[in-house]
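*Asks:* Sequence:
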Amino acid sequence: MSTEDTSSQFEDIRKKFGRFRILIVGRANAGKTTILQKICNTTESPEIYDGKGNKIDPSQVEGSMGRGIHDIENELIFTSNDKFIFHDLQGFEAGRKDEFVRMKEFIADRANTTQIKKRLHAIWYCIPMDKIDRAIQRSEEMFFEECDPNNVPVVVLFTKFDALRVKAMVKLAPADRRLALQEGLSKIQPLMEEIFNGADVWGRLSKMTYPPKSSVRLENIHKANEGCNILIENTALVLNDEALQMLFVSAQETNIALCVNYAAQR
950 MSTEDTSSQF
960 EDIRKKFGRF
970 RILIVGRANA
980 GKTTILQKIC
990 NTTESPEIYD
1000 GKGNKIDPSQ
1010 VEGSMGRGIH
1020 DIENELIFTS
1030 NDKFIFHDLQ
1040 GFEAGRKDEF
1050 VRMKEFIADR
1060 ANTTQIKKRL
1070 HAIWYCIPMD
1080 KIDRAIQRSE
1090 EMFFEECDPN
1100 NVPVVVLFTK
1110 FDALRVKAMV
1120 KLAPADRRLA
1130 LQEGLSKIQP
1140 LMEEIFNGAD
1150 VWGRLSKMTY
1160 PPKSSVRLEN
1170 IHKANEGCNI
1180 LIENTALVLN
1190 DEALQMLFVS
1200 AQETNIALCV
1210 NYAAQR
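Residue numbers for the sequence shown follow my numbering, beginning at 950 and rising by one.
Note that these hints are calculated values from the structure, not bench results. For glycine and all other residues, C-beta sits at the position ideal for the given N, C-alpha and C. Hints are not guaranteed to be accurate.
[Stated by the list, open to error] Computed beta-carbon distance windows for the label pairs:
| # | residue 1 | residue 2 | range |
| --- | --- | --- | --- |
| 1 | SER994 | LYS1156 | 31 to 41 Å |
| 2 | GLN1086 | ASN1169 | 19 to 29 Å |
| 3 | TYR1159 | LYS1066 | 21 to 31 Å |
Please model the complete structure; the sequences and the hints are all you need to start from.
*Replies:* Written out as structure tokens, the structure is:
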């Protein structure tokens, strides 16, 4: 199929399904905002809309956002790429059962709604690795044991994965640390893998009632030259509907290579 034909298909898909909608979940300081900004190629804050499409003054929600409590119905849209709609949720990690119930209801409703343009297409669950010994807390247990995603694919984002580099350096003898700094990651990477595998985070998640479909490791995304290509590609792979894959790929204004590759494979 030619790229022209694929572009026409992309446009038809967008008209039918609207924007690609993602729920991003995770505790405070998990790096969620940075991830969304990278995906949309911006450093600006998103515009916020309520569930009816009315724009919200950011000052009206600053207090609740600062406390880590977001209205899950609110839509976050970045002007740099308005083909995505994001929903953000915090709060239930602190034992807020009411927030957890709201999230379950939101996922069930948006996964099964007859309003096609309101449907939820993917869930990103952020788990920071800077405190890997406490990576899986009560919030993760609640989500993956009790929250049925209703066939919406869940991708776990192991954020701040570069924090394991410091832990790996500590394991080295002083002389080896100097050598590791000179040689880059060749000596550090195996130790990072050892630390990560030893914590068995992925293994534990995989054994839960509603395990994630996939996972990605995100490092140094705060740096200007670092992107989220691995997250983009991984999310495209777990979508089990060809139309949704096309909708997601067509939203990648910052990842032309993915669009070209998709067109070439058609």
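*Asks:* None of the hints should be skipped; say for each whether it holds.
*Replies:* Comparing the hints with the structure gives:
1. For SER994 and LYS1156, the Cβ-Cβ distance of about 38 Å falls inside the hinted range of 31 to 41 Å, so the restraint holds.
2. About 24 Å separates the C-beta atoms of GLN1086 and ASN1169, a value consistent with the hinted range of 19 to 29 Å.
3. Between TYR1159 and LYS1066 the beta carbon distance is about 26 Å. The supplied range of 21 to 31 Å therefore holds.
In terms of the numbered hints stated before, the structure departs from none.
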